[in-house]
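Asks: Sequence:
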Amino acid sequence: MHAGGLVVGQATSRRLPGLTAELHRQRLVHLFMDVEVQADSSESFASAGVRREDRLGLRWRCACVAGLLLLLSQAVTGAAAFAFVPRVVLHRTADTSDWRAVGKQRGTQQRSRALVAGERRVFETRTVWKSSTSGNTAGAMDGEQENAKIIDGKATAAAIRAELKAEVEAHVQSSGGPPPGLAVVLVGDRRDSATYVRMKKKACDEIGVSSFGFDFPEDVTQDTLLACVGELNSRPDVHGILVQLPLPKHIDEQSVLQAITPSKDVDGLHPANVAALCTGRTRAPGQAASWQLKDLDFHVPCTPQGCIELLDRYGVEISGKRAVVLGRSNIVGIPVSMLLMHRDATVTMTHSKTVDIASVVREADIVVCAAGRAEMVKADWIKPGAAVIDVGINSVDDATTKKGYRLVGDVDFKAAKEVAAKITPVPGGVGPMTIAMLLRNTVNGATRAAAAAAVAAAGGGSAGSGLTDNLPVPPPDSSSDKVAAPTPNTE
Numbered sequence: 345m346h347a348g349g350l351v352v353g354q355a356t357s358r359r360l361p362g363l364t365a366e367l368h369r370q371r372l373v374h375l376f377m378d379v380e381v382q383a384d385s386s387e388s389f390a391s392a393g394v395r396r397e398d399r400l401g402l403r404w405r406c407a408c409v410a411g412l413l414l415l416l417s418q419a420v421t422g423a424a425a426f427a428f429v430p431r432v433v434l435h436r437t438a439d440t441s442d443w444r445a446v447g448k449q450r451g452t453q454q455r456s457r458a459l460v461a462g463e464r465r466v467f468e469t470r471t472v473w474k475s476s477t478s479g480n481t482a483g484a485m486d487g488e489q490e491n492a493k494i495i496d497g498k499a500t501a502a503a504i505r506a507e508l509k510a511e512v513e514a515h516v517q518s519s520g521g522p523p524p525g526l527a528v529v530l531v532g533d534r535r536d537s538a539t540y541v542r543m544k545k546k547a548c549d550e551i552g553v554s555s556f557g558f559d560f561p562e563d564v565t566q567d568t569l570l571a572c573v574g575e576l577n578s579r580p581d582v583h584g585i586l587v588q589l590p591l592p593k594h595i596d597e598q599s600v601l602q603a604i605t606p607s608k609d610v611d612g613l614h615p616a617n618v619a620a621l622c623t624g625r626t627r628a629p630g631q632a633a634s635w636q637l638k639d640l641d642f643h644v645p646c647t648p649q650g651c652i653e654l655l656d657r658y659g660v661e662i663s664g665k666r667a668v669v670l671g672r673s674n675i676v677g678i679p680v681s682m683l684l685m686h687r688d689a690t691v692t693m694t695h696s697k698t699v700d701i702a703s704v705v706r707e708a709d710i711v712v713c714a715a716g717r718a719e720m721v722k723a724d725w726i727k728p729g730a731a732v733i734d735v736g737i738n739s740v741d742d743a744t745t746k747k748g749y750r751l752v753g754d755v756d757f758k759a760a761k762e763v764a765a766k767i768t769p770v771p772g773g774v775g776p777m778t779i780a781m782l783l784r785n786t787v788n789g790a791t792r793a794a795a796a797a798a799v800a801a802a803g804g805g806s807a808g809s810g811l812t813d814n815l816p817v818p819p820p821d822s823s824s825d826k827v828a829a830p831t832p833n834t835e
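This note's numbering applies: residue 345 is where the sequence shown begins, and numbers increase by one.
The hints are simulated quantities; they were obtained by calculation from the structure and are not laboratory data. The structure displayed is predicted, hence computed values, not measured ones. Built from N, CA and C at the ideal position, the CB exists for glycine as well. Some hints could be false.
As a list, the in silico DSS-like pairs of lysine-lysine whose alpha-carbon atoms are at most 27 Å apart [claimed, not checked]:
#1 LYS722 - LYS747
#2 LYS545 - LYS638
#3 LYS697 - LYS498
If you anchor each label on the Cβ, the simulated ranges turn out as follows [to be verified]:
#4 PRO522 - ALA759: 48 to 58 Å
#5 SER739 - ARG542: 41 to 51 Å
#6 ALA502 - LYS638: 33 to 43 Å
#7 GLU661 - THR539: 29 to 39 Å
#8 ASP742 - HIS594: 33 to 43 Å
#9 ALA502 - PRO728: 22 to 32 Å
#10 THR745 - ARG535: 15 to 25 Å
#11 GLU707 - THR539: 18 to 28 Å
#12 GLY748 - PRO580: 24 to 34 Å
#13 THR698 - GLU661: 20 to 30 Å
#14 PRO522 - ARG666: 42 to 52 Å
#15 PRO580 - ALA538: 44 to 54 Å
#16 ASP700 - PRO592: 35 to 45 Å
#17 ASP724 - ASP549: 43 to 53 Å
Model the full assembly from the supplied sequences, consistent with the hints where possible.
Replies: Printed below as a string of structure tokens:
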């Protein structure tokens, strides 16, 4: 074997955030330790006619060349690394005894083929290292090489709103009726609640959904709220009712939420919708069950639905995977656990009493964090290659920012993104998806109502607009029907 036979394939540079000198040093060591070509168990170099001294020379030459390339990349690009992965393929032509090593940019532990004396033989090749930046994500974001592993909830939500806008236009044209309508009930003057309501109204306007605002003072009576909900239940131009939480302490939240007709409960918090989620009743009797979000016949809470939507749109396989959910709230933890379970994941739910949470999380292929503790989940909790959905949003002091604080999730994002295959940022991850899923529930409610009305008009039965409308609804206080509902605030 001679030096002139050593050929190295193409190498492209890619800037890797957070790449340290120590990482360079470790990769350089690995280059010299791991560059080798080993034969498949049924094929040996000896049977292929490769002399021992040629094999040793080949290994050292590949290691030296790959090491020099890595050092050169440091000198030229600074904190960058070659995406070049030294993969060695042996070629021997039928009329010469020269062997050549050819580097190729491929994935880990793939097989390469070699022509040995005119015959095709299979050799196993070992990847020395590969870029920490994964390939493009499926479905949502194309062309983002450097940050392809980041799950962009903001861009995904924008894509969903565009899809819903087309659905709204088609619905209005086909039904001949009003566009989907969302009524939002706001009590008090909490600044954060008012901000959320404005964001929801803006999103409705963007896709052509009518929005109706009902604002009440902090001291509103429960009977007045129940009367308002009762009126909205009967309005054909309202397909979704949302009571902005939290409510004042003198109001029984459950009584108000249970007064909403299940098919208009776009928050998915009515007991009938919760029962459908927990019992697995995804379709009416006689229809095939499906746990794809688009096929559900009831309303699912918006944030859990957004988590699953992100996993789906970024090509994360759920079936057969181990999933860990941190947090057991009725709004996020329990519903997202049920959705993952119905999609055939093996689900573990952790909480404040779980012993050694870190060891539990390390086993997970999918991690959903909704614990409400800033940067609780560390990088060494994350299984390499896992998908991480961070639902948490926490404010931490930061004197370097204009506001004096910054928002972080439940995961130490900066460190965890170097380990996870896909991860949501905070902000810009799950947050935008919550409103997008609220819009989806509203549009779905309008579509189901139109379909049910068409069936009823044809003499096919009642005009219930969803699976859950056939379940009993707790009636409001009898005195509430004597209280007039306020005029909606459409500003």
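Asks: Is 41 to 51 Å a correct range for the gap between the Cβ atoms of SER739 and ARG542?
Replies: For ARG542 against SER739, whose Cβ atoms are near 20 Å apart, the range 41 to 51 Å is violated.
Asks: Check the following: the C-beta atoms of ASP742 and HIS594 are separated by a distance inside 33 to 43 Å.
Replies: holds (37 Å)
Asks: Starting from the range 42 to 52 Å, see whether the pair PRO522 and ARG666 falls in it by beta-carbon distance.
Replies: holds (46 Å)
Asks: Holds or violated: LYS697 with LYS498, Cα cutoff 27 Å?
Replies: Answer violated: LYS697 to LYS498 is near 34 Å, above 27 Å.
Asks: Lying within 48 to 58 Å: is that true of the beta-carbon distance PRO522 to ALA759?
Replies: holds (50 Å)
Asks: So does THR745 sit 15 to 25 Å from ARG535, Cβ to Cβ?
Replies: Cβ of THR745 to Cβ of ARG535: about 19 Å, so the range 15 to 25 Å holds.
Asks: Tell me if the beta carbons of ASP724 and ASP549 are separated by a distance inside 43 to 53 Å.
Replies: Since the Cβ atoms of ASP724 and ASP549 sit about 45 Å apart, the hinted range of 43 to 53 Å holds.
Asks: If you check the beta carbons of GLU707 and THR539, does the distance land in 18 to 28 Å?
Replies: violated (38 Å)
Asks: Is the hinted range of 35 to 45 Å satisfied by the C-beta distance from ASP700 to PRO592?
Replies: holds (40 Å)
Asks: Taking 24 to 34 Å as the stated bounds, is the beta-carbon spacing between GLY748 and PRO580 within them?
Replies: violated (49 Å)
Asks: Tell me if the straight-line CA distance from LYS545 to LYS638 falls inside 27 Å.
Replies: holds (23 Å)
Asks: Keeping to a limit of 27 Å between CA atoms, is the pair of LYS722 and LYS747 held or broken?
Replies: Cα-Cα ~26 Å, so holds.
In this structure, the hints that do not hold are numbers 3, 5, 6, 11, 12, 15, in rising order.
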